Each structure stands twice: as C-alpha cells, then as structure tokens.
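Engineer: Starting from the structure of chain A, add chain B with the ligand where the hints point.
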Amino acid sequence: MKVVIIGASFAGVAAALETRKRHPNARIVLLEKQATLAYIPNGLHLYWKKEIEDLNKARFITEEQLVKNHIDFHLGANVEKINTTQKTVNYNYQEKEEVITYDKLIIAAGSKQLSEKINGSAQESVLKYKRYDEAQAALAKVKESNHVTIIGGGQVGVEAADLLTRQQKKVTIIESMDYVMFKYLDKDMIQPIQQAISDSGIDLKLGETVSTIESKTNHKVTVNYGEESVTSDAVIMSVNVRPHLPFLDAHINLHIDQTIAVDRYLRTSVKDVFAVGDCIQLSGPDKDNIYIPLINNAVRTGIVAATNLNKPEIAFKGSLRTIGTKIFGHYIASTGMTESDSVFSNKTVKSSRQKIRLTSLPSTETAIVKWVYDAKTHVVLGAQLISTANILEKVNTLALAIQTKQTIEDLQQTDYFFHPSYTQMIATTNLVSWMGEGLFDDEN
Amino acid sequence: MKIEDFLEKNEVREITIFKQLVLNNGKLTYFDMLDYLSVSKASLETDLDSIAVKIAECDLQVHIHYDGQIIALEMSDTVSLQHIYRHYLDQSIKVEIIKFLFKHQKFTITQLSQKLVISESSLYRKIKELNTHLKEFDIKIRNGQLNGEELQIRYFYFQFYYYIEDKTYLLSKYAGKQMTQAVQTLEKFLDAEISPENRQKLIIWLIISKTRITIKDQQVDNLRMQMKPYLKDPLYHKIQVMVFRYFSRYSIEVDEGEAMIHFAYLLAFSILSENDFHEYRMIRDRHAPIASVDTQVAETIIIHFNFRRLPYMLERDMYYHLTHIHTRLYFFQGDVEIYEYQEILSNEKQIVGSHLVFFADELLKVSTEKFNRESSESNSLFRTEVPKYISLLILITSKTAKVLQVGIDLKIDDLYKETFSQLLMRKMRPLNGIQTEAYEPNKTYDLILTNESPENQRIYKEARVYILAKILSDYDMENIQQIILELNT
Ligand SMILES: Cc1cc2nc3c(=O)[nH]c(=O)nc-3n(C[C@H](O)[C@H](O)[C@H](O)COP(=O)(O)OP(=O)(O)OC[C@H]3O[C@@H](n4cnc5c(N)ncnc54)[C@H](O)[C@@H]3O)c2cc1C
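Line by line, the protein sequences give chains A and B. For the first sequence, our numbering gives the first residue as 679, with consecutive numbering after it. For the second sequence, our numbering gives the first residue as 558, with consecutive numbering after it.
Isolated chain A (complex conformation) (with noise of 0.2 Å):
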C-alpha cells in the first residue's frame, strides 16, 4: 500500500506515524512545500518569551524520527494538481514537475493567515509567522520597530502584544469584536485581562475592522479602520486562518467555507481520499460542524485517519476547543461552550460565575471560573478559567468532564487526593464544590 500525504505539518505528520504503526510494510511518502519540517507555529513567541535561544529549535519532530519510522519526505514538494479519478499527484520538487501514484491520500495541507477583505494585506510588510522562513522575517522586522500595530484579538493576538509590550514596544491592537478573545472566554470574564492590557498600556481598539492597509516610503504602514487610521513600523496579522486548496480537484467537495467536507471516519466524497487537521470542519462542543483549527485537533484527526485507512474503524469525537495560556500576567484555559456561544445551539444553557481562593492563606491567590451547563439536565457543556496562579492543567480535567458527560453533581463526587505539599486547595477539590450557594443561580 502506497500513502501519499500533502502537508508534513502536525496533521501530516501524526498521520505518517500512525499509518506506519499500524502498516509496517506501506510505502509513506510527505510532500510539503517547506523548505524546512515541523515547525511550531506558535515558535516566535517561545523565542520572544526565552524559552528557546534559537527560532530554528521549534520543531515538533526532526527528519532522524522520520527516517527512523521508514517515512519518505520531501521538502520543497508544493503539490500542484491531483487526480482522483487516476490517482495521482502532480508536485513541483527542485523546479521540475514529478508525478506520484496512490492508494491512499490523505491532504493535510493546513491552513494560512490570509485575508481576502482587508486590502493590501498580502503585501510582506504584514507580518504573519504561521510558517518558519515567515517568521524568520517577521522576527527581524519587529526587532527594528518601536511601535507595532496588531490585527485581530484572538489568542495569537494578544499573546504577541503581552510579548512584544514587555519588550518596550508600543502596541495597537484591532478587533472586529466587542473584547478580545471571544471565541474561548465570555465577556463577563474578560474583564481582568483587558484591564490588564489597558494597565500595559497598550492601544486597544474594540468593534473595529480594519478595512486596508497602506505602505508608506519611511518604511512605516498605515492601517485604516472606520473612518480612523494607525501608522506603526509593522503589522502583524493574526486573523483567523483559512485553508487555501488551489490544487484540488472537482470530484472532491468542500464545504461553503472552503474546508473540506468529510464523514465521521474522515473520508471525503472521493473513495481513498482523506483530510485532515486545518482543512476540514470537526463537530464542536455541541456536535455541530464548525471550524476549530487547533494542534491538538490536527493530531487527533492525522491519527483517526490512518487509523481508517482500509476500512472504517474509529469515528472522530470531535473538539471541546480546549485552549489554555498565560497572558498579561493571567493564566487562560477554556473548554467547550461558551454561554455566547450557545445560542448556536439548541440547548438552553445555565451558568454560574465563583470567584475562588486557591489556599486557606489570608494572601492567597484566586481564580475564577465560569460554568455552563444544560439548564435541564446539568450535563456540564463549557468551562472557563483565569487566575495568577499556574490553574492550566485544571481545564483538561474539565475536558474530560464535558467528554463523558458528567452532570455539575456527578463532579461534586470526584476523587481527588490532597497533600499540603504538592497540591493547591483548586487542585485538590473538584472546583464544583465552591459553586456553593449560587450553583443553580443564573448570574445573568
């Protein structure tokens, strides 16, 4: 068996190594356009925040583990066209065009920050360093610029404007919305982390859409929004990421938003043909299908996928959307619906807002958390965490949780142990027990 995969990003790769898990005798070949494997998009701000001295070290999986696994890869390998019906794969490697055959094909060809609505945006001037040799750029560019203006107010967003103020840059930050990060977190709980961005003194624009964007000769870029503009020494697009498929072919359908329509078992319309990762929609925390581009999904489905190469054998689950990270001084996590969010669904929802002290120490730290559950049944379907203190493993917990269904009383019985030394009173009660009083109180 010949599999041929498109992309050696997360999804491509967890792929490949799961097809070779479970065929050790199949033929794997990775085309992807890089010029370089396995870089982390998130790898700027690892080196922006110390972690790494070197932006070349953010790699996920190095060419030995491929080689290892018997795993054929080509870098530089842009695939151009496919042909489903001979299947075959037509791909530009070293300025010469080369045809491949398959069995099985699975297009793990990701996604871009692209944008067709704000003009000018495609210009290089916009930084965006989703791959590496961009952020390589973008690493230089925002070196040698005081003031930065950043497009989009989602996680990518406000993460390089907390890491590019404590450099003693000027930031500008743009959202369409009403607050930042409102795909992850209610209004209602932002509040600390946009006074926190107002405290930094960062530049923060709500209900804006940034319309075009201008080069200017002293190598400064004006962005305009509304009937208002910024003029900054970079820009850094973090809008939302969209697939980008020119080589597809007609037999294959796709979704109104360009993604690629598959079953549960990740088949395409096409008989052998598979996607994966950022170019298909997943079911979401309400199991409708929506578009929730995050590592963690891209590896899940790379697997599941090889998993049903030859015939149908585990279904996806889907993706709570479970996020976590530290910003402006607070530790973020966020798992399945959010209260804004559920009026996407059919359910009428509850939810309930503490405020929690981490010890029993007059100085202790808190976190808040929010809860939302199905106002019937209370199966728990979201939750929400911010604190100061380190609460981000807390939120997988939580995940499993909505995963098995569990009821705001079933939590109130889990298990957990205690020990003064290695635990947090967070850490030790399930959190539902400080719901206390106001548990079945709809604070709005």
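You can take every hint at face value.
Label-pair ranges, simulated between beta-carbon atoms:
id : chain 1 : residue 1 : chain 2 : residue 2 : range
1  : B       : E836      : A       : N988      : 56 to 66 Å
2  : A       : H929      : B       : L673      : 21 to 31 Å
3  : B       : S729      : A       : H929      : 19 to 29 Å
4  : A       : E892      : B       : K692      : 33 to 43 Å
5  : A       : N988      : B       : K692      : 53 to 63 Å
DSSO-like, lysine-lysine: derived pairs with alpha carbons at most 27 Å apart:
id : chain 1 : residue 1 : chain 2 : residue 2
6  : A       : K883      : B       : K795
7  : B       : K1018     : B       : K1000
8  : A       : K1025     : B       : K734
9  : B       : K672      : B       : K685
10 : A       : K861      : B       : K795
11 : A       : K1025     : B       : K767
12 : A       : K848      : A       : K861
13 : A       : K759      : B       : K773
14 : B       : K758      : B       : K795
15 : B       : K734      : A       : K1054
16 : B       : K566      : B       : K576
17 : A       : K847      : A       : K735
18 : B       : K789      : A       : K883
Note that these hints are calculated values from the structure, not bench results. Note that the structure is predicted; figures quoted are calculated from it, not measured. Beta carbons: idealized from backbone N, C-alpha and C, even for Gly.
Structural biologist: Same frame as chain A, but now just chain B with the ligand:
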C-alpha cells in the same frame, strides 16, 4: 421591473389575453380583444393557437375557446392567474439565466448556451435584455457574473425568488436544519420573536446570503457611505456582533459590510415584530436619516388630517410601517412591481379616494427629497412605495374614523326614491366608517345626502348637507368621500 420582463413579447400578449378574460368575466369578443391588444387578426390567431399548445403541455385545468366571434375562458376553481404566470415563467430563458447565475455565481457563454440549448447569439441577446431591466437595480450581468453593490445583488435575488421564481423550490432545495437554526440564533441574538411568515422571508434571505458569502471582491462602498450615520445604532451593533460571532465558527472571513447588508434587510423587510421594533425605535438615534424622515412624514400626516394626536398603538403602527418604507427608499434601488396590490390601490381611486393617492405622492416627494434621491420613472422602487403610503393612510384614516351617520333624503317619486336610496347605499358600502340609511326626521345625522336644497336649513339640524349633482355619479362619490374625511378629522 415587472414579471412580464422575464417573458417574450408574444408571451406577454398571451398572458394579457388571460388577464383580460378574467377581468371581463371570462368572455370577450374577438374585436374587443383585437382592440385591446392592438394587434392584427393574424397575430391574435397565432397567440390563441400558441396558448392552446401551451395549455395542452401542462396539466392545468384551463381552456380557451374561440369560435371566431367570442373568446371564452374556462378555468377550474383551483387555478388562478398566478398559476398561468407560473407556467409561462417556468419556460422563460431569462428566468433560467438568473437561476443558473444564482446557483453557480459564474458562467461562460458556451457553457450556458449549451445548458439552455440556445445559440450563443440569442443568449447574448437575452442577457442584454435582462441587463436593461436590471439597470434599475443598478446591477448588471457582465463577464458571466452579476456585478454591482452586494446589497443590491442580494436584494434583487430576494425579489426574484420571492415574487418571480417559485420560492417553494428554493426552500425545498436549500432550507434545512441549518437555516431554521440560523433563524433561531438570530432571534436569540436580537432578543426578538419572528413570525412564521417573516421566518420564511428571512430564510430565503439567508439562503441567498449563504450562497453569496464566499464571493470575492463584494462591493459595499456605497453601503458603507449610507451606513455612516448608523455605526453606533443599537440594532446594527447587535447584528454586527452576531455576524462576527457566527462566521468565526467557520473558515469564512467577513467584514462590517456583511453586517450592514443584514441591517438594511432586517429593517426594510419588516422582519421584526411591531413590538420588537418599538423597543428599537425608543433607543435609536432620532436624528439619523431614516428616523428623521419618519418623524417628518408622520408629522405631515398628522397635520394633514388635523389629528390632535393619534391613539398610542396606531402611532406605533404608523412608525413601524414608515420605517420600512423609508429604509427601503434609503438603502435600496429598483423593485419588482407586483400587479395585484399596487395597481389595485393606485387605480381604485374610487374606493381609496383620489386625495389619498395625491397625498401619498406628496409624502414620497418629502422622503425622497430628504434622502436626496432623484425620483425617476425608470426606478420602480418609487412607484412601489406609493401604494404602501396609500395603504398606511387608509389604515390610519379607517382606524381613526368615528362612525358617521349618513341620511339619504331623496326628493323624487316614491318608487324611485326607495330604489335609488338603496342603490346609493350600495355604492357607499365600500366607504369605511359610515352608517348609511334612509333619512328619518327624528334622528340626528352627520351628513345628509339629498338632491334638492332644503327649503329650511334647520330641518337637518347640525348635519352637513350635500346636494347630489347627479345621483350615483362618480363625481358625487368623490365629493362625498372628501366630506367624510373632513368630518372625520
Ligand atoms: C501564530 C500561530 C500560533 C498558533 N499557536 C497555536 C497553539 O499554541 N496551540 C494550538 O493548538 N494551535 C495553535 N495554532 C493553530 C495551529 O497552527 C494549527 O491548528 C495547526 O498548525 C494545524 O496543523 P495542520 O497540520 O492541520 O496544518 P498546518 O500546520 O497549516 O500545516 C499544513 C502543511 O501543509 C503544507 N502545505 C500546504 N499546501 C501544500 C501544498 N500544496 N503542497 C505541499 N505542502 C503543502 C504547508 O506548508 C504546511 O506545512 C497557531 C496558529 C498560528 C497561526
């Protein structure tokens, strides 16, 4: 634009034959028909033959007989003119072109001429004809695509699917769970309740929007200009948040333009209930163009009728309708003219009262001048808004009218007296807000209709007296209506 614009000249004539027959109780002489259509005998023959062929093709229970003298229509109770229109439209190449464009967004001449099985040159001709009609919408088919402001394109498709194409087809093909869900989401976001009829309208709109959403280079420049006074509008803000949040769930990029498009639509097409609209009206900026024209027109109406003040709910209702009319005039261009309501209202001056029609024209002048829009003959939007004003005026006058007592006191021979009194009452029946009866000396009346000046004015007490110029004449009816209106306000 008219429905007929989608048909060929001979088809329009054929439809007209049907229409004339319906209007004349199903029968018309050959000569009257020739006269009406102003065509030659030969061409009427051809039309009738062609009708016969078309009817035979479909399973409608309709027949047209002609014996060389009389043309007669036989139509079963379950068939209406609408069905006949439908049958003709189903064969229309122009309708097919628009449907194809809607489905595929783009076509090449070769591809489409093959699909429609017509020559490339006749396809070119059809497109050219379509473009003359699309002009009033300020959109155009060019290079196999619909070009123009995005709001206008969606608006045109909406009118097309609502009034011209069979909407049940569109709904059955595209309206799934996702659409129902989208409507529910919208209700939750706007905290509004949407009625079943509006739900259907909204779903058609959402289907159209969905197919347009990924079109590159949508034009919204004009809309952005129009929206400047609305950037802080509370309803717009809600819609904006909804649009951004909704599309953040997909890999679809949207900007404010998308939210602006929905704002214009929701307000112009009366999707909100009166109650929900009222809440919005209380918090909207009164100085923004639509609200200020609403106020100006409302005041003009109130002054015109000399109202001291309108009943609370009626005033709310008036603003509700005015906002829809004015939002259309402010944002949109072009319209599809629907024969039924519009023509009836503008033509039946008898019932409506010509002064109302005249006044409605005046109101249109007020609003279009305020919006700086030149009223032009070719833009049917202006034409279609007049009947809406008329309709609103009728609503207001009939709701504010007290019941006037009208006494008929004819001074003619007894036998005729009773008959003519009856006929006069019958003729007055369509007038709202009056109670008409044969004059009785002991009762008090607001209005007396008689044919001779009374010898003693005082016999009718406080009543106003109108002397009929000619019993049952239209001239008198007009005057009577005017008097009733005066007495009412
Ligand atoms: C700045 C930034 C930071 C992020 N940080 C996080 C984070 O901290 N946590 C998290 O969960 N997610 C994060 N994400 C999201 C994450 O990057 C994606 O979800 C993840 O990379 C998806 O993996 P993938 O393998 O599906 O696609 P991608 O990583 O997009 O990889 C697709 C690969 O396919 C290749 N390719 C595309 N077209 C072709 C072609 N025609 N021929 C050959 N090869 C092709 C590309 O070169 C690329 O290497 C971040 C995103 C950005 C932009």
